[in-house]
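Given only the sequences and the hints, what does the whole structure look like? Please build it.
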Amino acid sequence: DAKTTQPNSMESNEEEPVHLPCNHSTISGTDYIHWYRQLPSQGPEYVIHGLTSNVNNRMASLAIAEDRKSSTLILHRATLRDAAVYYCILTYSGGGADGLTFGKGTHLIIQP
Amino acid sequence: GAGVSQSPSNKVTEKGKDVELRCDPISGHTALYWYRQSLGQGLEFLIYFQGNSAPDKSGLPSDRFSAERTGGSVSTLTIQRTQQEDSAVYLCASSPRIGASGAKNIQYFGAGTRLSVL
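Chains as they are written, first to last, in our numbering: chain F, 1 to 112; chain R, 1001 to 1118.
Hint data in this document are derived by calculation from the structure and do not stem from the laboratory.
Misleading hints may appear alongside valid ones.
In silico EDC-like pairs for lysine to aspartate or glutamate, Cα to Cα no more than 20 Å straight-line [stated by the list, open to error]:
#1 Lys-104(F) x Asp-82(F)
#2 Lys-3(F) x Glu-1044(R)
#3 Lys-1015(R) x Glu-1085(R)
#4 Lys-104(F) x Glu-1044(R)
Take a look at the structure:
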């Protein structure tokens, strides 16, 4: 399976933008890029996903490199509630219902 | 609408006892998944159901673990003769439809069952 690499932790200030990087140099053409986050004492929560083009939703934006070997999750204005572990995950688009492969993710710390 | 519901939220048991963990997926979701998260560790995928069928059980940690799903809805994860290493948070997720494009594999998670084996 194609793997992802993320920094162990990042720190940002409240109300500032946050850019969370993810490297996936062995991504295949049929892999989607998904981001989930896990707040303390909760189950993971879907954030956003994309294939080739940049994506925006109410939670965040996803910027995908032209060669698709990396991507960046952008939180436009971080709040204390955004403090969580963020996971970048590749999912095969060819069918089936495989379980998600979670790495260690990035622990995002938000300073007030 | 209601999300994925798991019960109990916490379970304390003695080593050697059997436990059953329950998951109520989002209504209409075809796929259901079980994961385990040990303290300080990442999430480990255990098993998934497509309808009532579990095509691949190889992710279950040992033969003490089993899971079933009935009526395409509720699922139960059973751990027999629990061991201390089974202590973890067990998470359930569901997703709308197998093989859907675009939103394929977006999984909706419950809050988990925290299992403590003494």
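Status of the hints after comparison with the structure:
no. : hint                      : in the structure
1   : Lys-104(F) x Asp-82(F)    : holds (17 Å)
2   : Lys-3(F) x Glu-1044(R)    : holds (15 Å)
3   : Lys-1015(R) x Glu-1085(R) : holds (10 Å)
4   : Lys-104(F) x Glu-1044(R)  : holds (11 Å)
When each numbered hint is compared with the structure, no violation occurs for any of them.
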